[in-house]
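Participant: Sequences and hints are given; from them, build the entire structure.
Residue numbering for the sequence shown follows full-length UniProt numbering, starting at 1 and increasing by one per position.
Any given hint might turn out to be false.
With beta-carbon atoms standing in for the labels, derived distance ranges [what the hints assert, rightly or not]: (1) 109 with 369: 50 to 58 Å; (2) 268 with 351: 26 to 34 Å; (3) 330 with 297: 29 to 37 Å; (4) 259 with 63: 46 to 54 Å; (5) 64 with 334: 21 to 29 Å; (6) 327 with 124: 44 to 52 Å.
Source of the hints: derived by calculation from the structure; they are not laboratory data.
Ideal placement from N, C-alpha and C gives every residue a C-beta, glycine not left out.
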Amino acid sequence: MDQGEGSARIVRGRGRNKRKWTMDEDEELVRALCKVSTDPRFRAEGGGFKNCYTQGIESLLAQRLPGRGIKASPHIDSRLKVLKRKFHAIKEMLASPGFSWDGSRKVFRCEKQRYDEYCKDNPRARGMYGVPFPHFDVFDAVYGKDRAAREVVEVSEEVTADMENGNTSEAEEDRTSNGPSGRSLDATSTYKKQERCKNGGKRKRTESNCLSPDTLKDVRGHYQRASQHVDTMAEAMELFKDVHRHFQSVVQHAGAMAAAMEAFKDAHDQFQSVVQNVSTAATAMEQFKDAHDQFRSITQNGSATEAVIEPHADLRERLSPEVPQQDARVRAIAEMQKLGFTGSEVVSAASVFTKEPDQMGMFLALPEIYRREYILKMLNGGQSLHF
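Facilitator: Quick look at the structure:
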């Protein structure tokens, strides 16, 4: 059995295939779903998907995960059904009071007592407390708006069907209210038909013309969460700008410091040459004084350089190893952005790397497929990993 067959274990049971999905397969499934959601070949006019969209996902997974044997039916259909069920359960919870979303840990937050009370009326939310759902943002972008639109369409179709059924019932009642000769039936049957119409058809048609409270609640919750995402993204961008300005300042100070150290080195070399070539000590001191004045002039022209060089006299020895370290930081930030981490997650990971450079070295040494999981474990653990 090869590696592909081992990771794509399929067990026969009760007339259908069951499959255990791995973490990398889930990630590739979500990536393929994003690509298909933007492909007009698989989008319907109403904003949803065509029936063949899982076949498009199957084609992408065959390229990204060759040899796994993942099929649109039943594998992809079944897995998406499970993930969508979790997504909609979390989304309904977030629309209820007492629930909020932790974007960094990808898990909903609430009091345990509030969660237990909610599960009494919503049993499909059981077993999800404290369990992360890392694909929530993607599913919210792909399926969040489609569900609200789909519920409106379903309500409209129900209204149309009720109106058609109501008209048919009324026509039948009009036909049955008269006998074979066209005369009216007795008063008792007429009274029963009036009560049946009063308590049944008209009331049902009136209520079905309005959107259900659950639909309005879902739309309002979606709008509130969208506003929160916008605010969070704005704060993250401001934080990233501050970090970028600080980084540029450090780079500029390092450049100025290197120039000052080169100037000092030249002045020192010049002084040694003067001592060797001038016969009298007085002439040597005059030459050194000129070199010293020149060095002071250089340091006075860059106030930032003077402020940095005084408390760090040994920077010349530490400057050479700092350059590879800085390159590694830039590489680490670029890798995290390429893996799709948010601005807040990148900043949190960068803070850990600054305190413990070994964590950054291990992150860059890992193969690309394990790097995302490494960062998530590092951030979710509340503390850095130790080796």
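Participant: Compare the structure with each hint and give your call.
Facilitator: Here is what the structure says about each hint:
A C-beta distance of roughly 30 Å is found between residue 109 and residue 369, which places it outside the suggested range of 50 to 58 Å. Take residue 268 and residue 351: their Cβ atoms lie about 39 Å apart, and the range 26 to 34 Å is violated. Checked against the hint of 29 to 37 Å, the C-beta distance between residue 330 and residue 297 comes to roughly 34 Å, which is consistent with it. Our hint of 46 to 54 Å for residue 259 and residue 63 holds, since their Cβ atoms are close to 52 Å apart.
For residue 64 paired with residue 334, a C-beta distance near 22 Å keeps the hint of 21 to 29 Å intact. Between residue 327 and residue 124 the C-beta distance comes to about 50 Å, which sits within the given range of 44 to 52 Å.
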